[in-house]
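Visitor: All chains, please: the whole structure from these sequences, using the hints.
For the protein sequence lines, the chains are A and B, in the order given.
Residue numbering for the first sequence follows my numbering, starting at 68 and increasing by one per position.
Residue numbering for the second sequence follows my numbering, starting at 514 and increasing by one per position.
Please note that the accuracy of each hint is not assured.
[To be verified] Pulled from the structure, derived: some chain B residues nowhere near chain A, Cβ distances all over 10 angstroms:
| no. | residue |
| --- | --- |
| 1 | 584 |
| 2 | 588 |
| 3 | 636 |
| 4 | 643 |
| 5 | 660 |
| 6 | 714 |
| 7 | 720 |
| 8 | 728 |
| 9 | 729 |
| 10 | 763 |
| 11 | 777 |
| 12 | 800 |
| 13 | 804 |
[Said to hold, decoys possible] Straight line, CA to CA, 30 angstroms or less: simulated DSS-like cross-link-like pairs of lysine-lysine:
| no. | chain 1 | residue 1 | chain 2 | residue 2 |
| --- | --- | --- | --- | --- |
| 14 | A | 185 | B | 581 |
| 15 | A | 209 | A | 182 |
| 16 | A | 185 | A | 209 |
| 17 | A | 182 | B | 581 |
[Unchecked claim] Reference listing, derived: stretches of chain B covered by chain A, where coverage requires no fewer than 3 residues with Cβ under 8 angstroms from a Cβ of chain A:
| no. | segment |
| --- | --- |
| 18 | 518-525 |
| 19 | 540-551 |
| 20 | 601-607 |
| 21 | 691-702 |
These aren't lab readings, by the way, just hints derived from the structure by calculation.
Quick reminder that beta carbons are idealized off the backbone N, C-alpha and C, glycines included.
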Amino acid sequence: MSAPATRAEVCVAACAEAFRGDGERLASPMGTVPAIGARLAKLTFEPDLLLTDGVATLRADVDAVGSSTPPVIEGTMPYRRIFDLVWWGRRHVMMGASQIDRFGNQNISAVGDWKQPKVQLLGARGAPGNTICHTTSYWVAKHNRRVFVERVDFVSGVGYDRAAELGAGARFHEIRRVVTDLCVLDFQTETRSARLVSVHPGVTVDDVVAATGFALEIPASVPETATPGDEALRLIREVIDPTAQRDREVR
Amino acid sequence: MADKRMTEADVVAELRDGMTVGIGGWGSRRKPMSLVRAIVRSPLRDLTVVSFGGPDVGLLCAAGKVRKLVFGFVSLDSIPLEPHFREARQSGRIEVLELDEGMLQWGLYAAALRLPFLPTRAGLGSDVLALQPELRTVASPYDDGETLVAMPALRLDAALIHVNRADAAGNGVVLGPDPFFDDLYCMAADRAYMSCERVVATADLTAPGPEPWPPPNLLINRMMTAGVIEAPLGAHFTECPPDYGRDEAFQADYAAAAADPTTWSAWHDRFVAPATADAYERAVAAWREAHQ
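Guide: Here's what the structure looks like:
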């Protein structure tokens, strides 16, 4: 018997679940826990997933996060081809979010008035194109009211309300799920407003509500997030993340 | 073939106040830093800078050279946020055109192909479009009638790129894994200036293999370039594989120095003021010795 799954390991498994059903698509996880999750998905229920080495090649083998073992290269993927791939649509990105709102609009550009921001962040990066062209999920390592806000200050990644206004232009838009250190959310509601899918073991619905700055859709019964089984735990602990980098992102 | 070799100072002498300058590379990767430092030392001003931004944008913002920045992001990669860029934005000192990074590529490509715009879905529904009326949409003329972003051409007066090897005629090869968009910058520009780690004979551009072979990233040819600048360590402290990786300790020192005007002024005097490759290398070597 393995030691029980930690919160970080539950988050890894929940990130892996986001990629279920993707088949031969490029998984682009941003952040350590999503990177472990995508590898776990590939080693278990999604063997056909494609992953990059983080630079410019497609890597056929699954390495440990943070390792520098030489890759088995199955293709090249410099940035020029990444944008082709984004617009082609065979990609599922899991991005971070400095702010996210009830319809899944995401902000990584700037906090405050965009014309003269209080806090300048990265810039829109690929978020507008990613969200309008292919499946997107989000990973939020610290679920709190600074991140989960009523309205984002700048729409970098497009949410369901903005997408609805576009009609046909948004036919490739999909926000699959949001995984946080407390819970899993999705947008499978009539209004496309965020719904609580599951709470991680040890977290209550009230904890999530208290940490969220907008009204969540909460079903009558909210299950616990599935914990990884023994084989998944072995893969996480011994193969994918033997140096426990996941514990630096989720405590 | 013409010999296009020149110095960083020669390049700066060809630039003018108010020009639009595109800078190749990506984030803190293969940036033409010796050319950027030469601009910082010059009296040039009011530049519009187009960049997948890294410390190039930071240095130019810190020196007050930027009137407007056209960008998708500005980052030091291993340090996510660029301190000088943040300060310039938060103090409202620069105008911006903020783009999805695929839109930025498309704007360079449109300019390279001499088209007024190229259509894309990237940007639809986001505040990149909603808050920047200079970006417009176009209706497909076909039966689908779809509304698309009409990404305007980003025409450049000058482009600055840095590659691993070039010949004196202006052919260049990237030996690392990603050429980024350097060829598009060159084709989008009236005049493109290419710095390189080493100027070699044309025959040696294809020399890395056992037989002469066309490396996949032999993408810059002499039709695209107006000048060649031999600049060993010309991308430092950004990475320039396989010649060198990013100088992480030095980059951390750069970012830390940016926190305060006094420390920044000292950093500038030490590492931006030296006008030759030798003097810069000596300053970095002295720094490294003190930090080991």
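Visitor: A separate judgement is required for each hint: does it hold in the structure or not?
Guide: Cross-check of the supplied hints:
1. Consistency note on residue 584 of chain B: stated as away from chain A, yet its beta-carbon is not over 10 angstroms from all of that chain's, at 6 angstroms minimum.
2. Annotated as non-interface, residue 588 of chain B brings its C-beta within 10 angstroms of a C-beta of chain A; the closest such distance is 6 angstroms.
3. Distance to chain A contradicts residue 636 of chain B as a non-interface residue, since its nearest Cβ pair spans about 5 angstroms, not more than 10 angstroms.
4. For residue 643 of chain B, the non-interface assignment is contradicted: its Cβ lies about 7 angstroms from the closest Cβ of chain A, within the 10 angstroms cut-off.
5. Interface exclusion of residue 660 of chain B from chain A breaks down, the closest Cβ pair being 6 angstroms apart, not more than 10 angstroms.
6. Every CB of chain A is more than 10 angstroms from the CB of residue 714 of chain B (nearest about 27 angstroms), matching its label as outside the interface.
7. Distance check for residue 720 of chain B against chain A: the nearest CB is about 21 angstroms away, which clears 10 angstroms, and the non-interface claim stands.
8. Under the 10 angstroms C-beta cut-off, the non-interface status given to residue 728 of chain B relative to chain A holds; the minimum distance is some 13 angstroms.
9. With a least beta-carbon separation of about 8 angstroms from chain A, residue 729 of chain B fails to lie farther than 10 angstroms from that chain, contradicting its non-interface assignment.
10. At roughly 21 angstroms, the least C-beta separation between residue 763 of chain B and chain A is larger than 10 angstroms, which holds for a residue marked as non-interface.
11. Once the 10 angstroms rule is applied to beta carbons, residue 777 of chain B is consistent with being away from chain A; the minimum gap is 17 angstroms.
12. Consistency note on residue 800 of chain B: stated as away from chain A, and its beta-carbon is indeed over 10 angstroms from all of that chain's, at 26 angstroms minimum.
13. The claim that residue 804 of chain B lies off the interface holds: its Cβ sits roughly 24 angstroms from the closest Cβ of chain A, which is beyond the 10 angstroms cut-off.
14. Between residue 185 of chain A and residue 581 of chain B the CA atoms are separated by roughly 19 angstroms; this keeps the pair inside 30 angstroms, and the hint holds.
15. A threshold of 30 angstroms between alpha carbons decides the hint, and for residue 209 of chain A with residue 182 of chain A the separation of about 27 angstroms falls inside it, so the pair holds.
16. Distance hint between residue 185 of chain A and residue 209 of chain A is fulfilled; the C-alpha atoms sit about 21 angstroms from each other, no more than 30 angstroms.
17. About 13 angstroms separates the Cα atoms of residue 182 of chain A and residue 581 of chain B, which keeps this hinted pair within 30 angstroms; it holds.
18. Counting residues of the segment 518-525 of chain B whose CB lies closer than 8 angstroms to any CB of chain A gives 0, which falls below the minimum of 3, so the coverage claim is violated.
19. Counting residues of the segment 540-551 of chain B whose beta-carbon sits less than 8 angstroms from any beta-carbon of chain A gives 0, not enough to reach three: the coverage restraint is violated.
20. Under the rule that three or more residues need a Cβ within less than 8 angstroms of chain A, the assignment of the segment 601-607 of chain B holds, with 4 such residues.
21. With 4 residues carrying a beta carbon less than 8 angstroms from a beta carbon of chain A, the segment 691-702 of chain B meets the three-residue requirement, and the given coverage holds.
When each numbered hint is compared with the structure, violations occur for hints 1, 2, 3, 4, 5, 9, 18 and 19.
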